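Participant: Letter by letter, the chains look like this.
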Amino acid sequence: MRHVVSVIVENKPGVLARIAGLFSRRGYNIDSLAVGITENPDFSRITLVVHGDDIIIEQIVKQLYKLIDTYKVIDLTKQTHIEREMALVKISVTASTRSEIIEIADIFRAKIIDVSEKNLVIELTGDQDKIEGFLVLIKKFGIVELVRTGSIAIQRG
Amino acid sequence: MTDKIKGSKILLESLKQENVTDIFGYPGGVLLDIYDEIYNSDINHFLVRHEQAAAHAADGYARSSGKVGVCLATSGPGATNLVTGIANAYMDSIPMVALTGQVSVNLIGKDSFQEADITGITMPITKHNFLVKSVKDLAETIKKAFYIARTGRPGPVLIDLPKDITQARIPFEYPKDINIPSYKPTYKGSIKQIKVAIDLMQKALKPVILAGGGIIASNASAELRELVSLTGIPVSSTLMGIGSYPYNDKLSLKMPGMHGTAYANYAVHDSDLIIAIGMRFDDRITGKLETFAPKAKIIHIDIDPAEIGKCIQPTVPIVGDAKQVLKDMIELLKETPVEPKKEWLEIVQDLKEKHPLSYKQTGDVIYPQFVMETINQLTKGEAIIATEVGTHQMWAAQFLNHLHPRHFLSSGGLGTMGFGFPAAIGAQVANPDKLVIDIAGDGSIQMNIQELSTVAYYKLPVKVIIINNRYLGMVRQWQELFYEGRYSHVDLEGKQPDFVKIAEAYDVLGLRAEKPSELKKVLEKAFSHNGPVFVDVVVNREESVYPFVPAGGVLNKMLFSERT
Ligand SMILES: Cc1ncc(C[n+]2csc(CCOP(=O)(O)OP(=O)(O)O)c2C)c(N)n1
Numbered sequence: 017m018r019h020v021v022s023v024i025v026e027n028k029p030g031v032l033a034r035i036a037g038l039f040s041r042r043g044y045n046i047d048s049l050a051v052g053i054t055e056n057p058d059f060s061r062i063t064l065v066v067h068g069d070d071i072i073i074e075q076i077v078k079q080l081y082k083l084i085d086t087y088k089v090i091d092l093t094k095q096t097h098i099e100r101e102m103a104l105v106k107i108s109v110t111a112s113t114r115s116e117i118i119e120i121a122d123i124f125r126a127k128i129i130d131v132s133e134k135n136l137v138i139e140l141t142g143d144q145d146k147i148e149g150f151l152v153l154i155k156k157f158g159i160v161e162l163v164r165t166g167s168i169a170i171q172r173g
Numbered sequence: 071m072t073d074k075i076k077g078s079k080i081l082l083e084s085l086k087q088e089n090v091t092d093i094f095g096y097p098g099g100v101l102l103d104i105y106d107e108i109y110n111s112d113i114n115h116f117l118v119r120h121e122q123a124a125a126h127a128a129d130g131y132a133r134s135s136g137k138v139g140v141c142l143a144t145s146g147p148g149a150t151n152l153v154t155g156i157a158n159a160y161m162d163s164i165p166m167v168a169l170t171g172q173v174s175v176n177l178i179g180k181d182s183f184q185e186a187d188i189t190g191i192t193m194p195i196t197k198h199n200f201l202v203k204s205v206k207d208l209a210e211t212i213k214k215a216f217y218i219a220r221t222g223r224p225g226p227v228l229i230d231l232p233k234d235i236t237q238a239r240i241p242f243e244y245p246k247d248i249n250i251p252s253y254k255p256t257y258k259g260s261i262k263q264i265k266v267a268i269d270l271m272q273k274a275l276k277p278v279i280l281a282g283g284g285i286i287a288s289n290a291s292a293e294l295r296e297l298v299s300l301t302g303i304p305v306s307s308t309l310m311g312i313g314s315y316p317y318n319d320k321l322s323l324k325m326p327g328m329h330g331t332a333y334a335n336y337a338v339h340d341s342d343l344i345i346a347i348g349m350r351f352d353d354r355i356t357g358k359l360e361t362f363a364p365k366a367k368i369i370h371i372d373i374d375p376a377e378i379g380k381c382i383q384p385t386v387p388i389v390g391d392a393k394q395v396l397k398d399m400i401e402l403l404k405e406t407p408v409e410p411k412k413e414w415l416e417i418v419q420d421l422k423e424k425h426p427l428s429y430k431q432t433g434d435v436i437y438p439q440f441v442m443e444t445i446n447q448l449t450k451g452e453a454i455i456a457t458e459v460g461t462h463q464m465w466a467a468q469f470l471n472h473l474h475p476r477h478f479l480s481s482g483g484l485g486t487m488g489f490g491f492p493a494a495i496g497a498q499v500a501n502p503d504k505l506v507i508d509i510a511g512d513g514s515i516q517m518n519i520q521e522l523s524t525v526a527y528y529k530l531p532v533k534v535i536i537i538n539n540r541y542l543g544m545v546r547q548w549q550e551l552f553y554e555g556r557y558s559h560v561d562l563e564g565k566q567p568d569f570v571k572i573a574e575a576y577d578v579l580g581l582r583a584e585k586p587s588e589l590k591k592v593l594e595k596a597f598s599h600n601g602p603v604f605v606d607v608v609v610n611r612e613e614s615v616y617p618f619v620p621a622g623g624v625l626n627k628m629l630f631s632e633r634t
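As you go down the protein sequences, you meet chains B and L in turn. In this text, residue positions in the first sequence follow our numbering: the first is 17, and each later residue adds one. In this text, residue positions in the second sequence follow our numbering: the first is 71, and each later residue adds one.
If you are wondering where the hints come from, they were derived from the structure by calculation, not from laboratory data. In this text the structure is predicted, and so the values were computed from the model without any measurement. Treat the hints with care, as some may be off.
To be verified - Subject to a maximum C-alpha distance of 20 angstroms in a straight line, what follows is the list of computed DMTMM-like cross-link-like pairs (lysine to aspartate or glutamate): (1) L:LYS273 <-> L:GLU416; (2) L:LYS254 <-> B:ASP145; (3) L:LYS380 <-> B:ASP145; (4) B:LYS78 <-> L:ASP352; (5) L:LYS529 <-> L:ASP503; (6) L:LYS430 <-> L:GLU632; (7) B:LYS82 <-> L:ASP352; (8) L:LYS412 <-> L:GLU296; (9) B:LYS94 <-> B:ASP69; (10) B:LYS156 <-> B:ASP145; (11) B:LYS28 <-> L:GLU210; (12) L:LYS627 <-> L:GLU296; (13) L:LYS254 <-> B:GLU119; (14) L:LYS203 <-> B:ASP58; (15) B:LYS82 <-> L:ASP374; (16) L:LYS380 <-> B:ASP70; (17) L:LYS595 <-> L:GLU574; (18) B:LYS78 <-> L:ASP374; (19) B:LYS28 <-> L:ASP187; (20) L:LYS380 <-> B:GLU119; (21) B:LYS28 <-> L:ASP352; (22) B:LYS146 <-> B:GLU119; (23) B:LYS127 <-> B:ASP145; (24) L:LYS213 <-> B:ASP70; (25) L:LYS380 <-> B:ASP69; (26) L:LYS258 <-> L:ASP374.
Excised from the complex, chain B in its bound form:
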């Protein structure tokens, strides 16, 4: 099962290396990882998307806790939460496809942030499903380049 795990760590150099190293060393797979500072500049929040059964996830959580710099680990999957990732997509366009692409972008509430003769750059945020759905629809026009951030997530309420 897919789990979203939020890890609050001390905002110090080397912490990310410890977390990433833990995953490779213990043989766990990370689907995505996003890091940024929190409301308190002493702490960073790492959002991890990982796959595994309950026993593996429990081990991952415990192993993360074992790192001295780890302050808190929350398995958000067990709570109602909101999840977002961002994608920047460069799509090749022609005069005849431009309007159709813009229409699709509108439906997904994506933003067109760069236009040239040959390409459009579209910015899209949403959960994984929305991003996947968008990519399926525009694939046929030709995706020149795709950048995704990985998920970040927060508890509701």
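Model the placement of chain L with the ligand on the given structure of chain B, informed by the hints.
Facilitator: Okay, now just chain L with the ligand, sitting in the frame of chain B:
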């Protein structure tokens, strides 16, 4: 305002504050300021001959005394030479602080002379590590390092000290307390869970205690003994738990697992309740996880929550310090006693009588097991014994009469050849009045044989007993059993040095025994000699260790020697 003092002096003053009296180290360029400070310090510094030995010595010091062991090495190659010793301490949860020199802060990351990213290298093998980038952080970092190393599940902590930090000056103040909000070990186990555990102990018909290194780390040996006397539950100690329960007791099953006693393995396999204390279900203990103790419910007590459920899903998990949990358990047991399981104890006694550890003496040649028995006879189980890794290590675990905690020092998790001799050095420094023995293989001893110079220089009366089979015996045994006797690169015969002459070259007493009739006299002479001794005991070449549960096997399906 106090005077400004150099970082190197802050280091030494901080070590004093942590009650460090002994350091094992080796100098180098970036350590010059620290060594200059050591020159007029009253901390004893032991100059080893290889940094790996410094780490193992600090480890043996810690294992035998319960104090934090401290080692010191220079940047680059000095630091990387510590790596095996740090990994060894990490696998066995030994409290240690490793100090490494580093190039000056402005040179870090530039592939400078003798630069190695030692914090990066040791991330997976330390409990935590630090790179000190400002002298302002130095004292606090040292305080934190010792705190992390000795609390919770103990382990090695490394502090990397850039040269300019050791030269910078600042007023010294050692912090009284430190607070690491993200690090709060749990010492007290849940009373609710302990009650559930006691309930299971009352209902069980065939319970067994598996006692691990956690009991020794938390000094819970007395509590374990009390628990056993209250409940009559038999105890099997893992390699790391050896000494937590006396081998000569009726309820001792000695060691379980790959080279465990047959009776421990049968008992564990048949048991309906396992009380695992401070042990981590290593594959050398369990064999194949799916077939481990198939009928048993499991109570797992450990201070490290991540150990619980890592290999075996327990029925009752208890997170807490072994000593605390056992104390609470004992209190509650006094109110709700557990009746001894008479039938089970008869079965266990019967197993012990039917399948004792044994060997068959033939010919006029020394058997390794006979060496262990002779050591028992001479030391009465009072010596501190370190071992290297191999068949000799397993015979030491099986046949020596282990009576006390912190008296058996063996590389459990990493299985490090070369560990024993320097570990014995550390133990001798920590226990100057005790007889300290290293049981060595002729292969292993050559991994840190240069430490003969250290014992000679400091007059450390360590006795090394080399079980000389002219083979890398343990590997030879596997090749015999699983590779049709194709002895690939394990035969040391003919290329072996003369160990007596080597000892003499270092001004250490060298002795040799080749016949059973000589052994006792030679060992007596070694043990009564007021200085270090190398004893070359020439033994039966192809003796193997039994019983043997092949890797990934089932505990009750052991191989036994054909000769006994
Ligand atoms: C540093 C290291 N290298 C290799 C091994 C693999 N190994 C395990 S036991 C063994 C043979 C040990 O030989 P010896 O020290 O002579 O002891 P014996 O088994 O003969 O008693 C080897 C090579 C190891 N454990 N450690």
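Participant: Please go over all the hints and tell whether each is borne out by the structure.
Facilitator: For each hint, the structure was consulted:
1. About 18 angstroms separates the Cα atoms of L:LYS273 and L:GLU416, which keeps this hinted pair within 20 angstroms; it holds.
2. Between L:LYS254 and B:ASP145 the CA atoms are separated by roughly 39 angstroms; this puts the pair beyond 20 angstroms, and the hint is violated.
3. Taken as a hint, the L:LYS380 and B:ASP145 pair is broken in the structure, with Cα atoms around 33 angstroms apart against an allowance of 20 angstroms.
4. Our distance criterion of 20 angstroms between C-alpha atoms is met by B:LYS78 and L:ASP352, whose separation comes to about 18 angstroms.
5. Using a Cα cut-off of 20 angstroms, the hinted pair L:LYS529 and L:ASP503 holds, with the two alpha carbons roughly 13 angstroms apart.
6. Simply put, L:LYS430 and L:GLU632 have alpha-carbon atoms about 10 angstroms apart, close enough for the 20 angstroms limit, and the pair holds.
7. In summary, the hint linking B:LYS82 to L:ASP352 is supported, as the alpha carbons are separated by about 19 angstroms, within the 20 angstroms threshold.
8. Proximity of L:LYS412 to L:GLU296 is assessed by CA-CA distance (about 19 angstroms); at most 20 angstroms being required, the pair is judged to hold.
9. Pair hint B:LYS94 plus B:ASP69 holds up; C-alpha atoms about 13 angstroms apart against a cutoff of 20 angstroms.
10. For the hint pairing B:LYS156 with B:ASP145, the CA-to-CA distance comes to about 18 angstroms; that is within 20 angstroms, so the pair holds.
11. Straight-line distance between C-alpha atoms of B:LYS28 and L:GLU210 comes to about 16 angstroms, which keeps the hinted pair within the 20 angstroms bound.
12. At most 20 angstroms may separate the alpha-carbon atoms for a hinted pair to count; L:LYS627 and L:GLU296 exceed this at roughly 33 angstroms.
13. Restraint check: the Cα-Cα separation between L:LYS254 and B:GLU119 comes to about 54 angstroms, which exceeds 20 angstroms; the hinted pair is violated.
14. The straight-line distance between the Cα atoms of L:LYS203 and B:ASP58 is roughly 18 angstroms, inside the 20 angstroms bound, and the hint therefore holds.
15. Using a Cα cut-off of 20 angstroms, the hinted pair B:LYS82 and L:ASP374 holds, with the two alpha carbons roughly 8 angstroms apart.
16. Our distance criterion of 20 angstroms between C-alpha atoms is met by L:LYS380 and B:ASP70, whose separation comes to about 12 angstroms.
17. Of the pairs offered as hints, the one joining L:LYS595 and L:GLU574 holds, with about 16 angstroms between alpha carbons and a cut-off of 20 angstroms not exceeded.
18. For a cut-off of 20 angstroms, the pair hint linking B:LYS78 to L:ASP374 stands: about 9 angstroms separates their Cα positions.
19. Distance hint between B:LYS28 and L:ASP187 is fulfilled; the C-alpha atoms sit about 17 angstroms from each other, no more than 20 angstroms.
20. Between L:LYS380 and B:GLU119 the CA atoms are separated by roughly 51 angstroms; this puts the pair beyond 20 angstroms, and the hint is violated.
21. Between B:LYS28 and L:ASP352, the direct Cα distance comes to roughly 34 angstroms. Violation of the 20 angstroms bound is thereby established for this hinted pair.
22. Straight-line distance between C-alpha atoms of B:LYS146 and B:GLU119 comes to about 16 angstroms, which keeps the hinted pair within the 20 angstroms bound.
23. Between B:LYS127 and B:ASP145, the direct Cα distance comes to roughly 18 angstroms. Compliance with the 20 angstroms bound is thereby established for this hinted pair.
24. Taking the CA atoms of L:LYS213 and B:ASP70, the gap is near 38 angstroms; set against the 20 angstroms cutoff, the hint is violated.
25. Taken as a hint, the L:LYS380 and B:ASP69 pair is honoured in the structure, with Cα atoms around 13 angstroms apart against an allowance of 20 angstroms.
26. Restraint check: the Cα-Cα separation between L:LYS258 and L:ASP374 comes to about 12 angstroms, which is no more than 20 angstroms; the hinted pair holds.
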